[in-house]
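Colleague: Chains as they are written, first to last, in my numbering: chain A, 1 to 323; chain B, 1 to 290.
Please keep in mind that the hints were generated in silico from the structure rather than gathered at the bench. Errors might be hidden in some of the hints.
Claimed, not checked - Pair ranges (Cβ atoms, derived):
#, chain 1, residue 1, chain 2, residue 2, range
1, A, Gly230, B, Pro115, 50 to 60 Å
2, B, Ala145, A, Gly230, 46 to 56 Å
3, A, Asp26, B, Glu117, 34 to 44 Å
4, A, Glu283, B, Pro115, 17 to 27 Å
5, A, Leu280, B, Ala145, 33 to 43 Å
6, A, Gly149, B, Arg84, 33 to 43 Å
7, A, Ile173, B, Lys165, 37 to 47 Å
8, B, Leu58, A, Pro278, 31 to 41 Å
As the list claims (entries may be wrong) - Calculated Cβ distances over 12 Å to all of chain B for the following chain A residues:
#, residue
9, Pro103
10, Leu122
11, Gly165
12, Ser242
13, Val243
14, Ile273
15, Phe291
16, Val303
17, Pro308
This structure is a prediction, so every number in the text was calculated from the model and none was measured. For every residue, glycine included, the Cβ atom is placed at its ideal position computed from N, Cα and C.
One-letter residues, chain by chain:
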Amino acid sequence: MNRLLRFVPAAVLTIVVAVLPLVVADRFLLKVFTFVGLNALTAVGLALLFGYAGQVSLGHAAFVGIGAYACAFCTTKLELPWLAGFAIAALLSALGGLLLSLPSLRLKGHYLAMASLGFGELMSVAFVEGSPVTGGVNGLGGIPFPAIGAFEIREPATLYWLVWGVVGLAALIAFNITSLRPGRAMRSLHGSELGAQACGVDVTGVKVRSFVLSAAFAGMSGALYASFVGFISPSVFTLSVSVNLLAMAVVGGTGSLIGPILSAAALTLLQYIDALIPGLARETAQVVQSFQADIYGLAIVLVVLFAPGGLAGLWRRRGGERP
Amino acid sequence: MSELLQFFIAGLKNGAIYALLALGFTIVYASTGAINFAQGEFFMLGGMLGVWFSSLGLPLPVAVVAAIVATAAIGAAFELLAVRPLGAGDPLRVIMVTIGGSVILRQLALHLFGPDELPLPPFTEGASIKVLGAAIERQTVWIWALTLLAVLGLAFLYRKTAFGKAMRATSLQRDAARLVGVDTGRMVTYSFALAAALGALAGLAVTPLTQTVFDVGAGISVKGFAAAILGGLGNPVAAVAGGIVLGLLESMTAGYLNPLYKDAVALVVLLIVLFVKPSGIFGGGRREKV
Numbered sequence: 001m002n003r004l005l006r007f008v009p010a011a012v013l014t015i016v017v018a019v020l021p022l023v024v025a026d027r028f029l030l031k032v033f034t035f036v037g038l039n040a041l042t043a044v045g046l047a048l049l050f051g052y053a054g055q056v057s058l059g060h061a062a063f064v065g066i067g068a069y070a071c072a073f074c075t076t077k078l079e080l081p082w083l084a085g086f087a088i089a090a091l092l093s094a095l096g097g098l099l100l101s102l103p104s105l106r107l108k109g110h111y112l113a114m115a116s117l118g119f120g121e122l123m124s125v126a127f128v129e130g131s132p133v134t135g136g137v138n139g140l141g142g143i144p145f146p147a148i149g150a151f152e153i154r155e156p157a158t159l160y161w162l163v164w165g166v167v168g169l170a171a172l173i174a175f176n177i178t179s180l181r182p183g184r185a186m187r188s189l190h191g192s193e194l195g196a197q198a199c200g201v202d203v204t205g206v207k208v209r210s211f212v213l214s215a216a217f218a219g220m221s222g223a224l225y226a227s228f229v230g231f232i233s234p235s236v237f238t239l240s241v242s243v244n245l246l247a248m249a250v251v252g253g254t255g256s257l258i259g260p261i262l263s264a265a266a267l268t269l270l271q272y273i274d275a276l277i278p279g280l281a282r283e284t285a286q287v288v289q290s291f292q293a294d295i296y297g298l299a300i301v302l303v304v305l306f307a308p309g310g311l312a313g314l315w316r317r318r319g320g321e322r323p
Numbered sequence: 001m002s003e004l005l006q007f008f009i010a011g012l013k014n015g016a017i018y019a020l021l022a023l024g025f026t027i028v029y030a031s032t033g034a035i036n037f038a039q040g041e042f043f044m045l046g047g048m049l050g051v052w053f054s055s056l057g058l059p060l061p062v063a064v065v066a067a068i069v070a071t072a073a074i075g076a077a078f079e080l081l082a083v084r085p086l087g088a089g090d091p092l093r094v095i096m097v098t099i100g101g102s103v104i105l106r107q108l109a110l111h112l113f114g115p116d117e118l119p120l121p122p123f124t125e126g127a128s129i130k131v132l133g134a135a136i137e138r139q140t141v142w143i144w145a146l147t148l149l150a151v152l153g154l155a156f157l158y159r160k161t162a163f164g165k166a167m168r169a170t171s172l173q174r175d176a177a178r179l180v181g182v183d184t185g186r187m188v189t190y191s192f193a194l195a196a197a198l199g200a201l202a203g204l205a206v207t208p209l210t211q212t213v214f215d216v217g218a219g220i221s222v223k224g225f226a227a228a229i230l231g232g233l234g235n236p237v238a239a240v241a242g243g244i245v246l247g248l249l250e251s252m253t254a255g256y257l258n259p260l261y262k263d264a265v266a267l268v269v270l271l272i273v274l275f276v277k278p279s280g281i282f283g284g285g286r287r288e289k290v
């Protein structure tokens with residue numbers, strides 16, 4: 001019984017997400033909820049990386065960008081089928097993650113955070129300067145909608161279901177990883193890396209694998225973003241986006257997948273607050289939007305100071321269960 | 001020949017700036033065991049506050065000193081407000097707090113000073129100095145002089161004063177330092193203030209050449225950190241050497257290969273050093289034991 005109860009939040013969340021397009025008729029709101037899904041996809045990967053393996057990335061916007069440009073380039077310039085572009089996007093991002101994490105994760109300490117910051121800064125220059133592939137500052141347009149075979153997905157509701165379907169798959173993969181042996185290995189890193197190593201956990205391997213998987217999820221999110229919006233430019237994949245994504249993982253909490261998905265939703269919806277609350281004065285919405293980065297930064301500091309387990313940690317504490 | 005000399009001068013100029021930042025990383029790392037991601041924001045604040053103080057009508061030297069003092073105070077306040085409450089715990093939490101804090105500092109600068117690039121006049125006006133066919137801007141000489149002064153001052157502080165010895169004791173053995181009566185908590189605060197002052201000095205010295213803007217911190221952080229790792233994190237002399245080597249590598253890459261690759265040098269150096277010799281080129285073969 002108790003085991004089943006654990007799945008209630010996930011089941012409720014799944015049902016709410018699945019039926020939302022049937023209730024919401026507004027096309028703009030559906031787009032907003034699709035953006036939430038795109039961020040939730042990256043947040044699931046970061047939940048593994050930060051919340052389970054205890055590693056920080058300040059460069060995930062770059063992996064989103066690699067995925068977006070890879071998919072856009074494959075579908076527009078090379079005219080490959082969409083699914084091929086999507087797969088190439090995920091693979092390229094994963095490869096980038098592997099190249100970055102192998103050197104940085106062999107050591108104790110958090111060198112990966114700085115290396116990923118440098119990687120993100122470098123890629124944002126590369127997106128601008130690599131104009132034969134990326135279109136430079138003008139970006140790439142005319143990216144086709146997602147298509148599976150001859151079936152093109154272009155309706156807002158179907159796009160929404162596609163994105164959230166991928167989120168669901170990613171969450172399922174992540175859940176399987178966390179609840180089985182690799183997950184226990186990841187969590188053991190939080191307690192003591194040395195202790196984990198002594199118990200036969202391949203510490204570096206666990207960290208590298210979680211980083212590569214999180215990079216792949218970010219790349220998939222980018223590929224979906226490119227096909228969903230139809231246009232990408234370097235300004236979408238900057239350091240501040242990486243910080244936003246990190247804030248989602250931190251606020252969402254450690255050792256949880258639902259926490260980061262919920263905080264990804266909350267923090268993403270913050271920018272569309274005027275669309276969600278109809279009576280809200282425009283000035284209030286503008287203030288919230290101009291202080292958005294401040295809110296994210298402050299959220300990281302406050303959570304680390306006062307609730308290191310994040311939302312998930314608070315929930316666990318409420319339930320009397322020790323983290 | 002004069003071309004090589006010119007690249008060499010540019011490398012030494014940037015290298016001195018990276019050295020100051022690397023020193024800041026090293027000082028905080030020595031006292032907390034954590035990487036301070038707000039180091040680049042101190043660099044940004046130094047330049048920004050310098051511009052602001054001089055726009056208030058203060059003479060340039062006064063504005064520069066005021067900006068350094070104010071940034072050091074911000075560094076100390078940052079430590080007291082955000083790092084001190086964490087206690088001597090998990091370095092991951094210290095890192096996270098400095099990441100969040102760097103975002104807040106960056107945004108504060110954006111709200112207060114706006115999104116535009118801001119200039120600062122050179123410390124002394126006048127034409128460049130010609131040496132063997134190469135030109136050295138006067139501000140570059142200032143950068144070298146101030147870096148040298150800062151390094152000598154730090155060496156004196158660490159070797160000759162009771163305060164410096166307390167700082168070194170804290171970084172070597174926190175508990176042992178406390179046993180002999182060192183207020184280790186206060187030493188951490190001082191290390192943040194000192195790192196902030198060094199970052200501010202770097203930002204102030206370079207702003208007359210490059211201008212400054214609210215978001216320069218992150219990029220310069222990566223370079224300062226790469227310099228610190230290249231030398232060997234935690235060793236001040238090696239940090240300076242690492243900064244100069246990185247500066248020279250960058251300027252030679254920009255000069256002889258392609259200026260576009262300049263920004264990639266720091267990341268490539270960082271990854272190679274982490275992969276091949278994580279203790280840095282000047283670090284000993286000290287291995288971590290159980």
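Colleague: Check each numbered hint from earlier against the structure, then list the numbers of those it violates in ascending order.
Modeller: Numbers 1, 5, 6, 7, 8, 9, 10, 12, 13, 15, 16, 17, in rising order.
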